[in-house]
Amino acid sequence: MSSILNLTRREIYSYFVSPIAYTVIIMFLLIVGLGFFFSVFLYSSLNDTAIAEGNQNIRTYVIQFMSFWVNLALMLALPALSMRVLSEERKNGTAELLMTSPITTTQLVLGKFLGTLAILALMLLLTLPLLITIDFWADPEWPALGAAYLGYFLFGAVILAIGLFASSLTENQIVALLMTYPMLLPLWLSELLLGRFSGWANQVVGALSLRNASLTMSLGVIESHAIVLACGLMFLFLFLCVQVIDSARWR
Amino acid sequence: MVNVDKLSKAYGNRVCVWDVSFDVARGEILGFLGPNGAGKTTTMRMITGFIPPSAGTARVAGVDVTKDPLSVQSRIGYLCEAPPIYREMVVKSYLKFVAGLKRVPRAKQKVALERAIELCGLEHVQNRVIGNLSKGYRQRVGLAQAILPEPEVLILDEPTSGLDPLQIMEIRQRIRELSGEQTVILSTHILPEVTAICTRVVIINEGQIVAQDSIDGITAGGASDNVKVKVARDSDDLAQRIKALGGIQRMVRGEPGVYQLKLDREGEVRERLSGMLVESGAGLIELSPERETLEDVFRNLVTEEDTAA
Ligand SMILES: Nc1ncnc2c1ncn2[C@@H]1O[C@H](COP(=O)(O)OP(=O)(O)O)[C@@H](O)[C@H]1O
Ligand SMILES: [Mg+2]
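Keeping their order, the protein sequence lines are chains H and A. Each residue of the first sequence is one higher than the one before, counting from 1 in this note's numbering. Each residue of the second sequence is one higher than the one before, counting from 1001 in this note's numbering.
The set of hints was computed from the structure by calculation and includes no laboratory data. Values in this document were obtained by computation on a predicted structure and should not be read as measured data. Note that CB positions come from ideal geometry on N, CA and C, so glycine has one too. There may be inaccurate statements among the hints.
[What the hints assert, rightly or not] Using 25 Å as the maximum straight-line C-alpha spacing, the simulated SDA-like pairs for lysine to any residue come out as follows: (1) A/LYS1092 <-> H/THR94; (2) A/LYS1108 <-> H/GLU11; (3) H/LYS91 <-> A/ARG1128.
[What the hints assert, rightly or not] Some chain A residues well away from chain H (every beta-carbon gap over 12 Å; in silico): (4) ALA1099; (5) GLN1173; (6) LEU1245.
Go ahead and model the full structure; you've got the sequences and the hints to work with.
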């Protein structure tokens, strides 16, 4: 465990002595902030009957609307964080240090993954001031918000796991970035295929829809299916990542 | 301490290291000498467990590196060809990270860190960002990284390459200071480097070992011939007779019937040897000079120090 945390510490250190983390976090906050003010603005333009008919208070309205923006911002920002994690080690020759040290590949991957998760957690924490402003207008219902944030975190973690896997495939960060999206988007867009198949195929498509899972959570519902899906995907991509590093390609 | 046994590595159908065997005793400084592309880096990567061998085994303290890589890796310090540094890190933070990576117990980390910094002369730069340091200092950071966990075996891949003569002398001095405590394997393509630091040398060319000897044996190489003798019927009596021939500097008996001999160039030793072998009825199969390959190797080596500062 201390080996893992040692790697995690170094990962976080490197993020904050180079401009990457700052750039990514600022970009993320800009998009989320934009979405937030957009949704508050839209809500204020609704008339009373619309609010009553939709049975919406400002919290459900804003959070629901904002979730789209948070997810979008995560999808844009996180691959830019994960792209360098493993490809840069290989390019700089530090992979040779890591892989001739007494740590296992699993420890290496977990240590790096935890490092990126820490940045994700920080990013989400930095959006809290926005929510506190809701407190002025309505009861933010913190438990429901907690569920929404858990959903964001799980969604982000899946993106990072995919990004880490992509990063293990190439020495080139940009290639890693570009490979992350084609793996991520089908999971996001599979919802569009819902209803186009029948029977079990339709169920599989529905079950794999990361977007569905994430949006359900953002409504304040902790859904076991969403958690299982996210953890399953994380496990899958981290496992693949370990396999790639252990294979001959890396040496 | 380190036993390399019939190690081979092929990339695709290109063989880069072929049947390399040598042993390094505790406390020895072994020079691994060969021209560029000879297979030095590849061999060292197999010993450290970075790449798996295609055939053969490498053992450190009796442990096979492919069977238990973590155990081997906790005994070695390794400076690879390009120092494995994170340019964005401060020297001290980097070395702290390495201490954790090499599982140096927390209580000993501080002492180990100070020792490495002092041995490598990094006191003045310990709070600077590695990427801003000169090449020589980066190489020293790489060396500090390797010696930090006080490993039983130190493996250094061309530790002085790309440095200016003053820096080279300093790095060599640091390595010499380590001797006695640690077993060192050091690769180089510069002949005088081996004679300056090492106690023994293994010479490799095109993936194969062409000679291994003590330093004195190699430097005396100019006045001798290496020959390989193969006979059909070997006997201890034959070995005695070869020894008694005179003019034989060294004799190694390999597999039954195969002798590696180092002969004086003067005194027609080769002629007398072949005469004796034929007349002994041992069934001479082969008597071939090995001098050629060795000379080829030396021709490709850098045999003079770069004196331009
Ligand atoms: N990953 C690799 N793929 C293919 N060939 C390689 C690889 N690594 C090394 N080689 C080849 O192996 C040979 C030996 O290389 P190397 O061990 O680096 O030599 P040295 O360190 O003695 O200069 C070279 O011809 C090199 O081209
Ligand atoms: Mg080399």
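Hint check results:
1. A/LYS1092 <-> H/THR94: holds (17 Å)
2. A/LYS1108 <-> H/GLU11: At roughly 23 Å apart (the allowed maximum being 25 Å), H/GLU11 and A/LYS1108 satisfy the hint.
3. H/LYS91 <-> A/ARG1128: holds (23 Å)
4. ALA1099: violated (9 Å)
5. GLN1173: holds (24 Å)
6. LEU1245: holds (48 Å)
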